[in-house]
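A.B. asks: Sequence:
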Amino acid sequence: MQLSFKPKNSTDETSIKGKQNPNRVRDHLANERTYLSWMRMAIALLGVGVIVVRLRILRPPMLPTPGNGWKLGLAFSIIGMLTVWLSTHHYFAVRHDIDADTFDPPDRWVVLFSLAITLIGAGVIYYVFAAPLEQMGLVIPD
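1 is the number of the first residue of the sequence shown in UniProt numbering; add one for each residue after it.
Among the hints, a few may not be true.
Label-pair distances were calculated between CB atoms; the ranges are [what the hints assert, rightly or not]: (1) S114 with L36: 15 to 21 Å; (2) H90 with R54: 17 to 23 Å; (3) V111 with R40: 18 to 24 Å.
Read the hints as simulated data drawn from the structure, not as lab findings.
If you're wondering where the values come from, they're calculated on a predicted model, not measured in any experiment.
Cβ coordinates follow ideal geometry from the N, Cα and C atoms, glycine included.
Make the full structure from the sequences, and use the hints.
C.D. replies: Next up, the structure:
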């Protein structure tokens, strides 16, 4: 009678990986949580981009030119799509490094996205304060 399963061998690849990093499952789950966090941020960026563009389009233009609101919305959307792509790429790279037990946390993505969000935030601040209040129909009480 032939056995339908293999006996566990001490040189099995999975047992070697388990001995190299006893926290492997926890590390993979943390990597997945980080990925999902990046995806939530990407969805939020895409949503803000759509809102900025739609609010600018739905509102009747008060200025002689349509303005630059669509550029700001487009920037949010592009950064959101870039976040989706880069976070997926980063997830699989970290997954491979955890399996190989060679993970070294990179700093470049944190710096890149911090810079991108800072520039987008500066664009929002500029956009909000550059629009003339009297032409928007807003009344500021004295």
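A.B. asks: Determine for every hint whether it applies to the structure shown.
C.D. replies: Evaluated hints:
1. At roughly 20 Å, the beta-carbon separation of S114 and L36 lies within the given 15 to 21 Å, and the hint holds.
2. In this structure, H90 and R54 break the distance hint of 17 to 23 Å, their C-beta atoms being roughly 30 Å apart.
3. Restraint check, V111 to R40: a C-beta distance of roughly 20 Å satisfies the suggested window 18 to 24 Å.
The earlier numbered hint that this structure contradicts is number 2, and it is the only one.
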